Amino acid sequence: MSETITYDDFKKIDLRVAKILEAVRVDGSDKLVKLKIDVGDPPAGGGQRQLIAGIGTIYTPEILIGKQIVIVANLEPRKLMGYESQGMLLAASDELGPVLIAPESEVVSGTGIK
Numbered sequence: 030m031s032e033t034i035t036y037d038d039f040k041k042i043d044l045r046v047a048k049i050l051e052a053v054r055v056d057g058s059d060k061l062v063k064l065k066i067d068v069g070d071p072p073a074g075g076g077q078r079q080l081i082a083g084i085g086t087i088y089t090p091e092i093l094i095g096k097q098i099v100i101v102a103n104l105e106p107r108k109l110m111g112y113e114s115q116g117m118l119l120a121a122s123d124e125l126g127p128v129l130i131a132p133e134s135e136v137v138s139g140t141g142i143k
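What the sequence shown shows, in this note's numbering, is residues 30 to 143, in sequence order.
Since the hints were derived computationally from the structure, they do not count as laboratory data. If you're wondering where the values come from, they're calculated on a predicted model, not measured in any experiment.
Label pairs and their in silico Cβ distance ranges:
#	residue 1	residue 2	range
1	L125	K96	12 to 20 angstroms
2	L104	G126	20 to 28 angstroms
3	R107	R54	17 to 25 angstroms
4	I130	E91	14 to 22 angstroms
5	T35	S58	32 to 40 angstroms
6	S134	I92	16 to 24 angstroms
7	E124	D43	25 to 33 angstroms
8	P90	S122	13 to 21 angstroms
EDC-like cross-link-like pairs, simulated, lysine to aspartate or glutamate; straight-line CA separation at most 16 angstroms:
#	residue 1	residue 2
9	K41	E105
10	K48	E135
11	K96	E133
12	K65	E113
By construction, the Cβ of each residue, glycine as well, lies at the ideal position given by its N, Cα and C atoms.
Let the sequences and hints guide you as you build the complete structure.
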């Protein structure tokens, strides 16, 4: 396990539900997928964003479109292989690879996780 964080540290993390609108493989990478996601209407979510996710070894772009995922919405943007990633999706990982974290039932994009 990682080191313990305070409750105040945890409260800083903005987890939200997002819906994948588009997905394409990143040229030159076997595992990176570029996602266009809907994070809901402002102020709840913030509209559409781009994420770059290392899930391409398990998930094809076609199977991702329309799925709801959980993201860290307030993570500082970061460049990956020349593309800006505006957040991070949550996934469990085992010896077979990543497994997306998603709500059990569909909810409105931008819904906060508490």
